[in-house]
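A.B. asks: Chain by chain, the residues:
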Amino acid sequence: MSKPSVVIVGAGFTGVATAHDLALRGFDVTVIERGDLCNGTSGRTHGLLHCGGRYAVKDQESAIECIDENMILRKIVPQVIEPNGGLFIAIDEGDLQYGETFIAGCEACHIPLEELTPKEALRLEPNINPNVLTAFLVPDGTFDPLRLALSFAASAKANGAKFRTYTEAKSLIMDGKGAVSGVKALERTTNQMVELRADIVVNATGAWAGEIAEMAGATVPIKPTPGVMVVYDQRFVQRAINRLNKPGDGDIVLPQRRMVVVGTTSFEIDDLDYVPVIEEQVELMLERGSELVPGLRNAKVRGKYTATRPLIGAGEGRSAARTFKCYDHKETDNVDGLVTITGGKATTLRAMAEKTADVVCEKLGVRAACVTKDTSLLSYRQYYNMPN
Amino acid sequence: MDTQHNRPSPSRFWNWFNPVGRQTSGWAFMLQRVTALGLTFYLFLHLIILGQLAYGPQGYDSFIKLVSSPIFIASELLVVAAAFLHGLNGIRIILTTFGISVTRQKQLFYALMVLALIIITVFGIRMFTV
Amino acid sequence: MSEKWNITLKVSRQKQGEAPHFDEYKIEVNPDEYVLDAVERVWAFIDRTVCFRHACHHSTCGACGMRVNDVEKLTCITYIRDVTHDGGTIKVEPLRNFPVVSDLAVDMGSLYRRLESVGARSVLPVPEAEIERSPSSWSADDGQYIRLADCIECGLCISACPAATTSKDYLGPAVLAGAQANGLKRNPELMNLVDSEDGVWRCHSAFECTAVCPSFVDPARRIMDLRTQIFKERVGSLFRKA
Amino acid sequence: MSANIQSVSTPRSGENSWWYLLKIVTGVLLVVLLGIHLVVNHFIGQHGLLTYADIVAYYQNPIIPIMEICFLAVVVLHSLTGLRGILLDLKPSRTILQVIDTFMIIVGVAAVTYGTWLILTIKSRG
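If you read the sequences in order, they're chains G, Z, R and E. For the first sequence, the working numbering assigns the number 445 to the initial residue and increments by one for each residue that follows. For the second sequence, the working numbering assigns the number 182 to the initial residue and increments by one for each residue that follows. For the third sequence, the working numbering assigns the number 15 to the initial residue and increments by one for each residue that follows. For the fourth sequence, the working numbering assigns the number 68 to the initial residue and increments by one for each residue that follows.
Because the hints were derived from the structure by calculation, they are not lab data. One thing to keep in mind: the hints can contain errors.
Said to hold, decoys possible - Example chain R residues on the side facing chain G (calculated, C-beta under 7 Å, incomplete):
| no. | residue |
| --- | --- |
| 1 | 65 |
| 2 | 67 |
| 3 | 68 |
| 4 | 71 |
To be verified - List time: in silico DSS-like cross-link candidates among lysine-lysine, alpha-carbon distance up to 27 Å:
| no. | chain 1 | residue 1 | chain 2 | residue 2 |
| --- | --- | --- | --- | --- |
| 5 | R | 29 | G | 614 |
| 6 | G | 744 | R | 18 |
| 7 | G | 769 | G | 519 |
To be verified - A few chain E residues that don't get close to chain Z, going by computed Cβ distances all over 10 Å:
| no. | residue |
| --- | --- |
| 8 | 89 |
| 9 | 127 |
| 10 | 132 |
| 11 | 161 |
| 12 | 162 |
| 13 | 164 |
| 14 | 165 |
| 15 | 193 |
Computed from a prediction, not measured in an experiment: that's the story for all the values here. Glycine included, each C-beta is placed from N, C-alpha and C at the ideal position.
Take the sequences, apply the hints, and build the full model.
C.D. replies: Take a look at the structure:
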């Protein structure tokens, strides 16, 4: 009996993690990606390994996902993570007031908290705003986006998954009975069309999920919402510094290698493929970021970029839930053979993959348990060590 | 896959001498390599020519007369120049190999090259005026 | 309002089985955008067949290294303003010494494999990162912190190195730097790897690696440090035997 | 950490620290010896050493032939190891490297023998 086959469209975080999960569960997996790994939203994430604190008040489902997945990723892929924790700091009275609900929210989501006096906070992080009123120590972290994806991809490859990069899905192959049975794709390195047949096609294209689903006449309620990030050339802090307040613009300063990344904003766009950086928002990042880390004002901008979040549903920008959804289009649009996974956050990539693989297994009647929680990932460099 | 043109290959040795887009120490490398090849060639030429000495004074002195024309003196100066450029830049490479002046190797290169130019000028004046 | 420049992007093109050539694209850009943005604009608005590698857009992943006007650059942090002028041209080519996958995208496999072979660390304790220009004030117990290594494995140094251009087995600057950062003392088995024909002696002090390194690694300094360490060890062992 | 290190194909020791040390030691000696050689040949007397008679006279000082023979040996060593280093950049196969090495040894020995003979011949003309 041949293995059940799956084609995954998109090699961002969800795509590679789903490939890893399905490969472990014995599927014949092929991932296609129009560029190289992680060239869309995933590559451009700011790299915060969320502890969930950011969502603990308004979006506890996401918060719980974050803290659980945070702990798992630290264990299975330490080679791409700066596991130094984070601080939520209060600068003004409004922040202080938010503190109460924050504590309650974190408790409800089992996010470990340690309250620090301003003095203690400044001893840990001397470069934060000296006027800090109070601070909470949380288990945040930082990761390298590309390498996180490569680690999953390497592990998937080791279990037989194939990665066809620079291969762009152009249309879905329909079997004549209203079900998807494969993908027609353009191999961009040769400019030739290829046909890839599969029992199930997984649409893991994040913010682009609507475009792929539409090829089968299905819909996904996706609202692409970009944000701007600015990078400065000094590592001012060892921990992720969050503003102790409800999520807003420029309220995270994150260390990464020798830099800090300040993010982010939230706006809406029409054209997904190129989102320019809005200069006014760069100014805003400096203004808001320097409230957390005043030294930013004397630092040099090293880079600025936008990334487009795949938000689900009707919520406006920041009020939208940050959780993920897996759609079996048989149920939503009566299109069989197509599953879409989107929404979510980088931190929850493994959980998104688990959910997706569960749906795929159920659809194909495959009984195989998810083991990714306890499977250490290979070195990201192994991705290049294995033939396709 | 026809990607040979961009892989490392002995046939791309001309890239050693391609100065486009390169910077000070890259030029120093080219200088070192060009002078190395030139001086090696000259060394063996020199040894062969000095064989003339074995044939006694007539042969050698008439040969010297032949090479006393300005063109030959100029090429001899070129050899002297190559020797000093190669030698002084070599000192920089040795120092940096032992961790000395690594962060200041560019300044060291300029200083040594100025020194080389002074020495070459002195030799040039001497060779053309006597 | 942001400035607008009209520039020509001259992009090296090559599909598999074809000979490389250049295509020119006239585009309007903001000079304070980066070269990578210009390439992405070409892909998004003019020519969907252009292949290039990119991911993080902020110099942490090392995917977007290219040759820009004949110099190796990490294109996500290279301002258009710094490499051309209004009405000017930017020439973009793939990195040298790596097989071309297509157009500007190269296969970095050899570099990643070699980095793995010397055990180059991807994360390391913060104090071991050798920051010369450290932030004004650091806390006393920074030692407990882990950070991602400086080297982002972008391959610019391999492309710029004149020795790597002919010698396919030369470990190359990034790899030797990785070995140095990993430490010969901690990993004595690295000694035979770096003290070899394809190790530190293939370096001819062109210092191009350090000149193009976008990420503070200073590979040339690390190669020189390895040489010093090797000499100490080799000469020292003579005396120990005696 | 060392457990991570995979075995890679053992590198060929076509070059190592001793080869390099030889190159730089001869290099340092050359800066001195070649300096003397050039100064002597261009700055001694009114015109430098130009005529046959000048050269023969110069070689009568017993230090000079010794120094010149040393100089010859050092310069040949430096140039041949240097040239070998450049050829190694071209990554020759094992066989070709053996041919190169043999060729280098023959040329080196021949050059030094020939040069020594020449120096002694000139000295004997005095």
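A.B. asks: Which hints from the list above does the structure break, by number from lowest to highest?
C.D. replies: none
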